[in-house]
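Colleague: Following the hints, put chain B in place on chain A, whose structure we already have.
Protein chains: 2
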Amino acid sequence: MIETKDFIFVISAPSGAGKSTLIAKLMKEFPVLSFSVSTTTRTIRPGEVDGKDYHFVTDKRFDELLAGDYFLEWANIHTSRYGTSMDSVKKVLLSGRELLLDVDVQGGEALREKIPDAHFVFIVPPSFKELESRLVNRQTESPETLAVRLKNAREEMKSASLYDFVIVNDDLEKAYQDLKTVYLACHMQANHVIPKLNYDS
Amino acid sequence: MIETKDFIFVISAPSGAGKSTLIAKLMKEFPVLSFSVSTTTRTIRPGEVDGKDYHFVTDKRFDELLAGDYFLEWANIHTSRYGTSMDSVKKVLLSGRELLLDVDVQGGEALREKIPDAHFVFIVPPSFKELESRLVNRQTESPETLAVRLKNAREEMKSASLYDFVIVNDDLEKAYQDLKTVYLACHMQANHVIPKLNYDS
Numbered sequence: 745m746i747e748t749k750d751f752i753f754v755i756s757a758p759s760g761a762g763k764s765t766l767i768a769k770l771m772k773e774f775p776v777l778s779f780s781v782s783t784t785t786r787t788i789r790p791g792e793v794d795g796k797d798y799h800f801v802t803d804k805r806f807d808e809l810l811a812g813d814y815f816l817e818w819a820n821i822h823t824s825r826y827g828t829s830m831d832s833v834k835k836v837l838l839s840g841r842e843l844l845l846d847v848d849v850q851g852g853e854a855l856r857e858k859i860p861d862a863h864f865v866f867i868v869p870p871s872f873k874e875l876e877s878r879l880v881n882r883q884t885e886s887p888e889t890l891a892v893r894l895k896n897a898r899e900e901m902k903s904a905s906l907y908d909f910v911i912v913n914d915d916l917e918k919a920y921q922d923l924k925t926v927y928l929a930c931h932m933q934a935n936h937v938i939p940k941l942n943y944d945s
Numbered sequence: 745m746i747e748t749k750d751f752i753f754v755i756s757a758p759s760g761a762g763k764s765t766l767i768a769k770l771m772k773e774f775p776v777l778s779f780s781v782s783t784t785t786r787t788i789r790p791g792e793v794d795g796k797d798y799h800f801v802t803d804k805r806f807d808e809l810l811a812g813d814y815f816l817e818w819a820n821i822h823t824s825r826y827g828t829s830m831d832s833v834k835k836v837l838l839s840g841r842e843l844l845l846d847v848d849v850q851g852g853e854a855l856r857e858k859i860p861d862a863h864f865v866f867i868v869p870p871s872f873k874e875l876e877s878r879l880v881n882r883q884t885e886s887p888e889t890l891a892v893r894l895k896n897a898r899e900e901m902k903s904a905s906l907y908d909f910v911i912v913n914d915d916l917e918k919a920y921q922d923l924k925t926v927y928l929a930c931h932m933q934a935n936h937v938i939p940k941l942n943y944d945s
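Residue numbers (my numbering), protein chains in the order written: chain A, 745 to 945; chain B, 745 to 945.
Pulled out of the complex, with its shape left as it was, chain A reads as follows (with noise of 0.2 Å):
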């Protein structure tokens, strides 16, 4: 279903990894890059549009999808469920434009196996300390939530061998140009390439 021509961007981090900022700073210089739009069981705002932000369901319609296998990898945040569709990723790229998919370590691994000729770039911090004390520093965690979160980092990062790449964010500007670098090299990958080539004359 997805096409060898098609350019899917994996994104994955533990959190603290810095993966928020560095996304939208490629999305700004890479217009062509997309999200999908995601399913969820979340309460829809003020403001938001079903089937432009997400498409919003009940929980029981969820259930259904899921069991209809609809979903390439799905996620529990806080108490609403988010899912990444076929449907959503192919509406992207059909449209000629490329796919950015943002998902945590669990989505990660699915999308490895449902999409393995997407990119794979796996964000890492450049230790446990400064993980740390970037957590601290943004207040939001209590003491217990954020020893859970230290512990779950340490597991999250075992999984960086299951990406294509790996970068280490220690400098927020070399951490993106990393980003760009790879993201651009993936374009020269022989399967990208080569549908393009016309040797015909």
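It is worth saying that the hints were derived from the structure and are not from the lab.
None of these values were measured; they are calculated from a predicted model.
Just to be clear, a hint being listed does not mean it is correct.
Remember, identical chains collapse to one label, so a pair may be satisfied in a single copy or spanning two.
No farther apart than 20 Å at their CA atoms in a straight line, the calculated lysine-lysine pairs in the PhoX-like style are these [what the hints assert, rightly or not]:
no.	residue 1	residue 2
1	K873	K940
2	K940	K918
3	K834	K749
4	K902	K749
5	K858	K834
6	K902	K940
Modeller: Relative to chain A, chain B alone:
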């Protein structure tokens, strides 16, 4: 024998793609890249040093080495043979340098099997028309050898899918930037980054 942290960059191309110019530029900008010392049956020339420029051997000795599976790849060029040995490859890697292997299409195929963790780059001309005009402009080819070279190039182009990356050499400066991007991105591949991470603290 090759460790995951070892960096091996294999570049191949049909003749006339501009490989040599691109390699020279890359090695100038990144002096950490080194060639290995090939083994050859060619006669030593004035000024050449055995063991530095090449390992010079007799035809009989080359046959013995071949029989002993000594070479990762080898080729017949004009009337002499040239081979790349694991010994010469390891010598470069153990010295802490990165290895650049400049090989013909057959050599690339052999290396793909023997050192799958290397990075494989294929350089192609933008079209056959352009390839033909480049070979004609060299003025070193008779009409007969030109026809053979073009036929071979068409054949060799089919190997592109065996490589990780394909770079189209239309404009030299653009192609060089692409090659450099690929070279830098390969350093972010998970197998190179993970051994350097230190999450003990």
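Colleague: Each hint needs a verdict: does it hold in this structure or not?
Modeller: Hints versus structure:
1. For the identical chains of this complex, K873 and K940 are inter-copy neighbours only, at 16 Å across copies versus 46 Å inside a copy, given an alpha-carbon limit of 20 Å.
2. For a Cα distance limit of 20 Å, the shortest separation of K940 from K918 across copies, 17 Å, qualifies, whereas the shortest one inside one copy, 32 Å, does not.
3. Only within a single protomer do K834 and K749 lie at most 20 Å apart by alpha-carbon distance; the minimum there is 13 Å, versus 37 Å between protomers.
4. Taking the closest pair of Cα atoms, K902 and K749 come within 20 Å of each other only across two copies (18 Å); inside a single copy the shortest separation is 30 Å, beyond that limit.
5. Taking identical chains as interchangeable, the C-alpha atoms of K858 and K834 lie at most 20 Å apart only when both belong to the same chain, with a minimum of 13 Å there against 38 Å between chains.
6. For the homomeric pair K902 and K940, the shortest alpha-carbon distance between copies (14 Å) is at most 20 Å, but the shortest distance inside one copy (37 Å) is not.
Hint compliance for this structure: no hint is broken.
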